[in-house]
Every structure is written in C-alpha cells, then in structure tokens.
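Q: For reference, the chains in residue letters:
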Amino acid sequence: MKQANRAGVYFLTPALLIIAFVLLFPIIQTIVLSFGKNSTSIFIGYEYIGLANYRRLLATPRFITALNNTLFFTAVTVPLELCIGLLLAQALNRRFRGKGLVRMAVLFPWALPTALNALMWRWMFNSEFGLFNAMLIDSGLLTERVNWLGAIPLAMYSMMFVSVWKTSSFMALLLLAGLQTIPDDLYEAGSVDGSNRWTAFRHITLPLLRPAILVSVLLRTMDAMRTFELPFNLTDGGPLTSTETLSLYAYRTIFQYVNFNLGSSAIIIQFIIIMAISLAYIATLRRGQA
Amino acid sequence: MTNRTCLFRFTLVLLCLMLTMPALAQDDMAELTISIGARGFGDAAPVLIEACEAEVGGINVEWERISDVPNESRSIYVTNFTARNPKPDIIAVDVIWPGDFAARGWIAPIEDYFGEEALAEYIPGFLAAAQVDGSTYAIPLYIDGIHLFYRADLLEKYGFEAPTTWEDLIMQAETVVEGEANPDLSGFISMWAKIEGLFMNWLAFFQGAGGNFFDADGNLAINNEAGIKSLTTMVGMLESGVAPESILTFRPNDARVLFQQERAVFLMVQDFVLAPLTADDSPVADAVQFTRVPYFEGKDMTNTTVIGGFLLAVNKHSENVEAAANFIQCFTSYESQVQASLIQGKVPTRPAVYDDARIVEDAPGVAALGANFVYAFARPSANTGTAYPEISEIMQTEISAALLGEKTPEQALADAEAQIMMVMG
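So the sequences go chain by chain: A and B. Here my numbering is used: position 232 in the first sequence is 232, and no number is missing along the way. Count along the second sequence from 1, add 1000, and you get the number used in my numbering.
Next comes chain A alone, as it looks inside the complex:
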C-alpha cells in the first residue's frame, strides 16, 4: 500500500513541476514586477519600490475609468445573461421535434471565437455601411444614422449587447445540464398538490437549480471581469476610454508603453477583485449546501 503511494508521488512529480513552471512562476513574477521600478528590461536592474505603482494607479483617472467600466460591464451583462440563459434553458428542456438542431443553433454564438464575433458585429454596427443603420433607416424607424460604436455611452451598450448575445447560450447550456438532473416525479407530485407552472418553477426548479446557477454565474463573472477580446476588436476601448476594460488597460500599459511593472500592478489589483468576488460566491454556494 505504502509503496504504491510512493510510486504515485513519483508519477505526479513531472506534472507538478510543469504546472509550477507555467502557472506558479508567472504569477510570482507578476507579483514581483508589480513592486518594482519601471526599467528598460524586465530581467535585469530590478529595484524594489514597494507600493508606489499601486499608488500611482489609484491616482490615474484612466485606470479608475477602466475599473469602473469593467465593474459596470460585469454588473449589467451577467444578470442579463442569467435571465436569458434561464429562459433558453427552460425552452430547450422541453420535448419537441428538431430539438437537437435547435440546441446546436443556440450554441452557435458561443462556439464562434470572440474576436471573430467582435469583427462581425463591428461591421454590422458600422454607421456608414452597417446592417443595423441600413435596416432601421429603410424601415423608417430612424431618420438619421446612429453612431453605435462612436458615441458615449452608446458604445458601451453596444458592447454589452454583443456580450449578452454571445454568452447567454453558454449560460443556457450550463443551466440545461442542471435542469436535466431534476427528476420529473417532483413536477408530477407538485401538480398533484395543485401547483401551476409558476409555482412549480418557483418552488421546485429554482431551489434545485441553485448550485448550477451559482456555478455558471461565477464562471461568467470571472470571464466578464477579464474581458479583453471584445473591446480590443469591437471598439478598441473607445471612444476615448469609455469601453476600456482592466485587461485592455493592462495590455496597453505593458505592450504599448512598455511598462511591465505598472501593468503588473493593474493585473494584481484585477486578480484581487476577481478573487474576492469568487470567494463570496463560493461561500454562498457552501452555505446553500449545508
């Protein structure tokens, strides 16, 4: 028995070393960099300057804007995605002809890469030759072209719209998996007791779906807090910095202004916020199980 355990450790060691190298090393490096002074190289001439980068960030209006944009984006899109995802999941959970096909169609937006999505929508939102303006003007709903991606705060709403369109189906898929674990007898028993659709949903579906909802909301929140491809490809963070997210700000600080240290601090702040939100979710999940 003991010998088998030891062999197990030996087998695991290479994998653990690789994980340590590709996961732990970059994290530690980022933390170390975030406390260092900006220099022309990230490998030589390290100078510890404590929290100076963090202080500078908190005094930078652009960083605060990026932080607010990210929180606003997350706070609006995740609940919307949950509601639409729930509706979709309910609809997909029924038996009807061609269910497989419909399920596939719903998954389509999620299967497309975000960058591709963003480019596609950028063309549709284009104010001069985009689909939306053409349709709305032809149908007489609009008389003037709307600058979907070039006006504040419209660009942010457009971006949220694309995000909801894309990820609601992901939400639906996770929730559908949860719905399928609820046995039919419960609904039968409920209907014997005189429940209607709404009360069945309220008292059977929701409580039993709770873990699935929490997990999917957790995943989406973490994702939304890290949003990068969408603003990068759809709006480039503009107009001004009205759609610049934390990830985009950190990327630009590092790769355009070549300030690895300041950018690392921004990433660490983002990391701490995501961590805090995740811990809160997990605590809620645990409480529900107890």
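The hints are simulated quantities; they were obtained by calculation from the structure and are not laboratory data. All values derive from a computational prediction rather than experimental measurement. Glycine is no exception: its CB is placed at the ideal position from the N, C-alpha and C atoms. Please note: incorrect hints may appear among the correct ones.
Unchecked claim - Chain A residues, not near chain B, derived (Cβ > 12 angstroms throughout):
id, residue
1, Ile27
2, Pro109
3, Asn117
4, Ser139
5, Ser195
6, Arg197
As the list claims (entries may be wrong) - Stretch by stretch, here's where chain A covers chain B in the computed footprint (C-beta under 8 angstroms, at least three residues):
id, segment
7, 1070–1077
8, 1241–1255
9, 1384–1393
10, 1401–1414
Fit chain B to the supplied structure of chain A, relying on the hints for placement.
A: Chain B alone, transformed into the frame defined by chain A:
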C-alpha cells in the same frame, strides 16, 4: 511483446532522425528572418527577398508576415525583444519607433556596415528619425505620407480647382455636397478614430496654422493660437457636417472604402490608398487625384505633409547582424526601390528613384507623390525617445475629447500640455 519492441525501436529511430535533421540543414547558410507587414510590402516582398538572397549570398531568408497595424506588430516586437529572442533578425519599424527601441537596447547600430556615403543616398529627414547619438539604427524602406485625395470630377463640375487652404476646402465641400443633394455623400473624411493617425491629422492642421510641436528652444508649444485654431477647425468641420460623425470611428482603410464607394469628396489619409483607389475595378479610378495637405490662409510656406513609413532595423540579439545588415543594404538599394514602386506602388526613400525613367513612365502616381515631400515633416518622436508612445496617446485622447464635445479645444490643449509636461519630467 515483439510488437511493442518494434514500436519502441521505430520511435527511437524517429527521434534520432528528428534530432539530427536541423543539424543536416544547417550547412554554412545563415538563416535570417525578416518581419514585414503583409499589406505593407505585399507582392514585392517575395520578389526582393529572392533577388537579395542571390545577391548577398550565403543566406536563407524567411518572410514572417506580421500585422500592418503598427500597434499590433509593436506588441509582437515588445514580447520578442524583452525576452531577448534572436528572431526575427530583421524587423520593419515604424518611423516613430527607432529612438525608443534604440534607447531600450533592442536594435543594433548598423552604420559601420554602410558607410557615410551610402547613408547619404537616403532622404535625410527620414534617416534622421533613426539616428541617435551619432549612430544609425535603421534604414529607410518606404514612405507613407499623408496626402489630400479628392474627386476631380466633382470639383470640375462646380468649377473648382484643387484646394490649397482649409478655408477653400470647407467652402468647396459644402458647395458640392449641397449641389449633389445626395444624403450619402460626405464632404471630408479621414481617420479620426482615437489612433496614431488622429494625432498625425491634427499635426497637419497644426503645422498648417504655423504651429510647431516644440519651439526653437525645444519647449512644448501646443497650447497657443495655432493649436487652438487647428483643433477648433476640426471641431467645426464636425459640427457643420462637412465631416460625418462616423469619422470618429474611422481608421485609414474605413475612410478609403467610403471614398471608393463614391461617398466622399475629400479624403485625407496615407498614400497606401492610391493603389486600391486607382485599380481597374475601382469606381473612382478615373476621378481620384491628390495634392498636398492644405494650410490655413496666409500660411502657405508651412510644411503640411506628415510623413510616416517604415525602416528596417536589425535585432540586437540576432546571431547574424552582419548578414542582416548586408541584406538590408540590398533590400533598400536603388534597384530594389524601383522594383518595390513598380510592383507594389511603394514610395521610395531615395530621392534619386523619383526621377528614374521606369518610375516616371510606369508609376507616375509615385513620381507625383514625390512633389508633396518637399513639404514633409516628421512627428516629434526623435526628441521624445521612450516617452513618445505616451505623448501620442495623451494627444489622441485630448483631441478626441474635443471632437466628441467633452471639452473645449482650449481646455483639451491645456490638459494635454499639463500631462505631457509631467511625462517629460
């Protein structure tokens, strides 16, 4: 069991082969990688690479196609160079990068492989962007300047000559748009999204109003009469509808597409649009003409052609700096530049090439662009070194703020001045 042994032996042999393969390929040829944008040099790249492989000898050159969007290719370089990757050996650098890259120790000084005489054959103002403390870090490959393209047919219809001043341009644009009564026709379009091109655009207006980013003593001089006049004019063009609101989301190619669809009278972008606009299938092929970027009334002696463009530099950690420098010498030679102009419409960086009989005959557009470079000026990247990207970003943000109506032009310039002072220390 035997099967397994067999498989094991086979794998072993395969591994040995894979390990020895690179060694076999590695005879005395120096392997070089050159990274240039696919659109930037297009069809001319493979032709010139092959020609120069033969001329220099002893080298194998691989073309790494990178993005033509400067910020994207810059990100790739930043990743490679901070990691001290010896590849790519040769990189195409935007005219605003050499000072910055040299200061960070990413690119090698290469003047010794050329000699003073050979360097003097390139346009001096362009080469200067790559010269830091007496060393030359990059060699000019092609110019991409900003010009004013216009619909000659429409101007003629209303009895106008090509405008030379902004006052003329605005009046002409208004007259033509009103006369055509086509709701899809815009007067003036350009790249006013928050990109480097926006800063270049404002600089052209600013210089045309008699401004200069740094005054004779090297002090920042943007918050003044010329600065306010230029920014106010741009805001005014938006407000009066001479420029459509969507101009604020346009990058160069977006503007080009609109102009090509016969939906604009004036287009102010870089000269790479000349090839697509004059292609056989272009609806405006016969109607498009160009002139230098306008100036404000009474400022006709000002330089308003903002130059952009690319140079070739050598990675400091390349294993073959000398071979790379020799390759660059061939790639930017007189003959190579003639070929690049003929094949891809690239604008030469050697003044002599503009007068070449083949260019005058077969690429008259390129030859004509040369006249506008008499009024050329470079962006303030040489004086600002590693601070340039941030200075440009500040300017882009503040100009955008004024264009979006978030700030008055006066306020935007004052804010820009204060922030730049802080960055420059």
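Q: Taking the hints in turn, state whether each one holds.
A: Hints versus structure:
no. : hint      : result
1   : Ile27     : 18 angstroms, holds
2   : Pro109    : 24 angstroms, holds
3   : Asn117    : 18 angstroms, holds
4   : Ser139    : 16 angstroms, holds
5   : Ser195    : 52 angstroms, holds
6   : Arg197    : 46 angstroms, holds
7   : 1070–1077 : holds (count 3)
8   : 1241–1255 : holds (count 6)
9   : 1384–1393 : holds (count 4)
10  : 1401–1414 : holds (count 3)
The structure agrees with every numbered hint stated previously.
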